[in-house]
Amino acid sequence: MQMQAETNLMSDADMAEEIVIETQDVNVFYGDNHALRGVSLDIPKHQVMALIGPSGCGKSTYLRCLNRMNDTVEGCRVVGKILLDGIDIYGPQVDEVLLRARVGMVFQKPNPFPKSIYDNVAYGPRIHGLAANKDELDEIVLSSLEKAGLLKEVQDRLHSSGTGLSGGQQQRLCIARALAVRPEIILMDEPCSALDPIATAKVEELIDELKENYTIIIVTHSMQQAARVSQRTAFFHLGEIVETGPTEQIFTSPIDERTQGYITGRFG
Amino acid sequence: MTDLSNKTGGTGWNSDHFRKNLARRKRSEKRFQRIGLGAILTALTLLAILMFSIFSKGYTAFIQTSISLDVTFNEAIIDKDGTRDPEALRHANYTKLVQESLRARFPDVEGRSNLRALFGLLSNDASDTLRDMVMANPELIGQTLSVELLAGDDVDMLNKGYIDRDLAEDNRRVKDKELVWIDSLKEEGQIVTHFNSGFFTNGDSREPEKAGIAGAMVGSFYTLLITMLLSFPIGVMTAIYLEEFAPRNKFNDLIEVNINNLAAVPSIVFGLLGLAIFLNVAHLPRSAPLVGGLTLALMTLPTIIIASRAAIRAVPDSIRQAALGLGASKQQAAFHHVLPLSMPGILTGTIIGLAQALGETAPLLMIGMVAFIADIPGGINDPATVMPVQIFLWADSPERAFVEKTSGAIMVLLAFLVLMNALAVFLRKKFERRW
Ligand SMILES: Nc1ncnc2c1ncn2[C@@H]1O[C@H](COP(=O)(O)OP(=O)(O)OP(=O)(O)O)[C@@H](O)[C@H]1O
Ligand SMILES: [Mg+2]
Chain L
1 MQMQAETNLM SDADMAEEIV IETQDVNVFY GDNHALRGVS LDIPKHQVMA
51 LIGPSGCGKS TYLRCLNRMN DTVEGCRVVG KILLDGIDIY GPQVDEVLLR
101 ARVGMVFQKP NPFPKSIYDN VAYGPRIHGL AANKDELDEI VLSSLEKAGL
151 LKEVQDRLHS SGTGLSGGQQ QRLCIARALA VRPEIILMDE PCSALDPIAT
201 AKVEELIDEL KENYTIIIVT HSMQQAARVS QRTAFFHLGE IVETGPTEQI
251 FTSPIDERTQ GYITGRFG
Chain V
1001 MTDLSNKTGG TGWNSDHFRK NLARRKRSEK RFQRIGLGAI LTALTLLAIL
1051 MFSIFSKGYT AFIQTSISLD VTFNEAIIDK DGTRDPEALR HANYTKLVQE
1101 SLRARFPDVE GRSNLRALFG LLSNDASDTL RDMVMANPEL IGQTLSVELL
1151 AGDDVDMLNK GYIDRDLAED NRRVKDKELV WIDSLKEEGQ IVTHFNSGFF
1201 TNGDSREPEK AGIAGAMVGS FYTLLITMLL SFPIGVMTAI YLEEFAPRNK
1251 FNDLIEVNIN NLAAVPSIVF GLLGLAIFLN VAHLPRSAPL VGGLTLALMT
1301 LPTIIIASRA AIRAVPDSIR QAALGLGASK QQAAFHHVLP LSMPGILTGT
1351 IIGLAQALGE TAPLLMIGMV AFIADIPGGI NDPATVMPVQ IFLWADSPER
1401 AFVEKTSGAI MVLLAFLVLM NALAVFLRKK FERRW
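Going down the list, the sequences are from chains L and V. 197 is the number that the numbering used here gives to position 197 of the first sequence; each next residue is one higher, with no gaps. 1085 is the number that the numbering used here gives to position 85 of the second sequence; each next residue is one higher, with no gaps.
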């Protein structure tokens, strides 16, 4: 498996990056609805990959395959290979609960637990036993909030409710919560769609910093956002990947006319 | 726009057409509000009438008439050998002591039937009162004391104004000669009324003046305890399993339909089920809170399951996803997040279910909890009755004095129901604050 990933990497001459996630011919069915059709996509390490495409084209579905959240959807079936560091995440030796610790997720609508800010961030480390004692847990919580750029704003009210924050703060709290379990990959499904431009700018800034240490896959409906934060972009259409490549190339010289139509706003 | 102007003659939103339409809508709204208000007022009036009739009849149950008499603790009657042996003191003839006191108060009364009527002024509980006094303090022997003794139910009823003095003697439970004695006692200030603490500390009795609801309250307590201990955990676990873990398939749909149907099954059917299973197959003791609790648990389960499922379903999916997305297992998501968030709804449903069980009579009749039981039950296996059944029993008794007992017991039951509902509200508020 490792070998194969390596060779793929070599053959793709113009990118010297390491690939963390390799998707090979993935098909997803919701009952009879064939939502993803033969999707193959390589996701390079420590970069931001943007998924764009018209509504209902399967971006969220693809994202949910990567941490097996689709397992929780009634009637959903995933066929194909998804390799994380060369290991099939749908294989028998992978436990979906541990996988979700490695592959964190931030949702479209901020969804903090109705608990204190501290408990929100501490929940992941607690269930995975990441901290040996209270001091270590404090350390994890504070550093996660720091990384999510929220610490300064909430420092003096760590024990007040997480739902009492503004929408943008809530979303950064959710990011901090995901960071606290030390994931390698973070999936973000339209993380800014419920936020105002200022909060959006903050989250985008944060994404830019996070890519130093994390691999980020972000679904967005905003072309500008994709252009601003991502290094690579994949364009989905009707359950298929139409085109994928460096973000600049996709936005300046798309090969497929459907891509061109979408990014210029002619359809979608 | 052209359409609009055509229809309204070109004057737009200010036209007659719209103004009439608006007026009509406003009238309709007003009418609806008035009907709603009327419905509420009707309901409130009926409730007020019900409450008034219960309270006006029932409040006297909390008052008790006693007769204050000079009692001579005659050594010759109580302890003629002078040994002060507790056994001898216990078995002494205190009834004679009571009778002697009454005769001393009314020396003119002669003849068997007259004397029997005179002794009937006091409850036969009076001798027990004297025994308890002597047992507690043997020093009393030889002394003469003024003691308040429980009046018989007829005196009690007369004193509370339930017996009409103007009725012909034949139709009156208190005869003329008794009236004379009672009036004489009253003149001397020997008729006294107190708060009826016995109503809350005594078990049931054939004598209305001694009957209390303590036995029924304790019986209800044990029964509800069993009901709660069984139906709450089972109901909540079932609800969590069905909502969070069970796959959607025909089998689970069938379970769901059946649970909903069970909630609509008449309660007496559960009584028959309890009779058939717990008594005839499992041979558990008859009339016991254990069996009553088991039976009521069957009845309460569907209510709790349905309320809990609704509460669990009301927890937004985003919370589950947030937990699962962090690597929580399904069970952790359910128990760390979904269950605490749905707790207020679950508790409300549970308490309403238990309140229903508290007021339930029919299924308990089937398993023999309707017997006359004078003792206060000491455990879940003792014969017992419960409050609604006690009300049913008293309502069925011929004595006039049981009417106020019935209303009094209803008031106590209602008080418990109000308390339970208040508890539901309190718990809901308390848990909600933690969100
Ligand atoms: N839980 C589900 N059950 C059944 N079908 C689903 C479910 N989720 C998504 N689908 C279907 O799968 C297809 C892809 O949906 P998906 O949510 O992945 O689209 P999307 O690209 O994320 O759209 P959007 O941009 O609007 O979020 C759609 O046809 C949708 O109807
Ligand atoms: Mg989506």
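Derived by calculation from the structure, the hints in this document are not laboratory data. The beta-carbon is built from N, C-alpha and C at its ideal position, and this holds for glycine as well. One or more of the hints may lead you astray.
Stated by the list, open to error - Derived CB-CB ranges, DEER-like: (1) L1254/V with E240/L: 52 to 60 Å; (2) Q1331/V with E240/L: 36 to 44 Å; (3) K1250/V with S166/L: 42 to 50 Å; (4) L1225/V with V73/L: 55 to 63 Å.
Said to hold, decoys possible - With a Cα cut of at most 20 Å, we get these calculated EDC-like pairs of lysine to aspartate or glutamate: (5) K1080/V with D1132/V; (6) K1330/V with D95/L; (7) K1160/V with E1187/V; (8) K147/L with E248/L; (9) K1250/V with E96/L; (10) K115/L with E1187/V; (11) K45/L with E74/L; (12) K1330/V with E139/L; (13) K1096/V with D1081/V; (14) K147/L with D85/L; (15) K1096/V with E1148/V; (16) K1330/V with E243/L; (17) K1186/V with E1148/V; (18) K1080/V with E1148/V; (19) K115/L with E1399/V; (20) K1177/V with E1139/V; (21) K1330/V with E96/L; (22) K1026/V with D1016/V; (23) K115/L with E96/L; (24) K1160/V with E1188/V; (25) K109/L with D32/L; (26) K1177/V with D1081/V; (27) K1160/V with E1148/V; (28) K152/L with E96/L; (29) K1250/V with E205/L; (30) K1160/V with D1317/V; (31) K109/L with E1399/V.
As the list claims (entries may be wrong) - Looking from chain L toward chain V, a few residues come up when the C-beta cut is under 7 Å (computed): (32) A101; (33) I127; (34) A199.
Checked hints:
1. L1254/V with E240/L: 52 to 60 Å: The hinted range 52 to 60 Å is violated for L1254/V and E240/L, with Cβ atoms some 40 Å apart.
2. Q1331/V with E240/L: 36 to 44 Å: holds (37 Å)
3. K1250/V with S166/L: 42 to 50 Å: The hint (42 to 50 Å, Cβ to Cβ) holds, given that K1250/V and S166/L are roughly 47 Å apart.
4. L1225/V with V73/L: 55 to 63 Å: violated (42 Å)
5. K1080/V with D1132/V: The given pair, whose Cα atoms are some 18 Å apart, holds under the 20 Å limit.
6. K1330/V with D95/L: holds (13 Å)
7. K1160/V with E1187/V: It holds: about 16 Å lies between the C-alpha atoms, which stays within 20 Å.
8. K147/L with E248/L: violated (27 Å)
9. K1250/V with E96/L: The hint is violated at about 27 Å.
10. K115/L with E1187/V: violated (71 Å)
11. K45/L with E74/L: violated (31 Å)
12. K1330/V with E139/L: Measuring from Cα to Cα gives roughly 27 Å; hence the hint is violated.
13. K1096/V with D1081/V: holds (17 Å)
14. K147/L with D85/L: violated (25 Å)
15. K1096/V with E1148/V: holds (17 Å)
16. K1330/V with E243/L: violated (36 Å)
17. K1186/V with E1148/V: holds (14 Å)
18. K1080/V with E1148/V: Violated, at roughly 25 Å.
19. K115/L with E1399/V: violated (60 Å)
20. K1177/V with E1139/V: Since the Cα atoms of K1177/V and E1139/V sit roughly 37 Å apart, the hinted pair is violated (cutoff 20 Å).
21. K1330/V with E96/L: holds (11 Å)
22. K1026/V with D1016/V: holds (15 Å)
23. K115/L with E96/L: violated (25 Å)
24. K1160/V with E1188/V: Holds: K1160/V and E1188/V sit about 18 Å apart, inside 20 Å.
25. K109/L with D32/L: Roughly 28 Å between the alpha carbons, so the hint for K109/L and D32/L is violated.
26. K1177/V with D1081/V: violated (38 Å)
27. K1160/V with E1148/V: Distance ~18 Å between K1160/V and E1148/V Cα, so the pair holds.
28. K152/L with E96/L: violated (34 Å)
29. K1250/V with E205/L: It is violated: about 50 Å lies between the C-alpha atoms, which goes past 20 Å.
30. K1160/V with D1317/V: Measuring from Cα to Cα gives roughly 63 Å; hence the hint is violated.
31. K109/L with E1399/V: The hint is violated at about 69 Å.
32. A101: holds (4 Å)
33. I127: OK, holds: I127/L within 7 Å of chain V, min 5 Å.
34. A199: violated (18 Å)
Hint compliance for this structure: hints 1, 4, 8, 9, 10, 11, 12, 14, 16, 18, 19, 20, 23, 25, 26, 28, 29, 30, 31, 34 are not met, and every other hint is.
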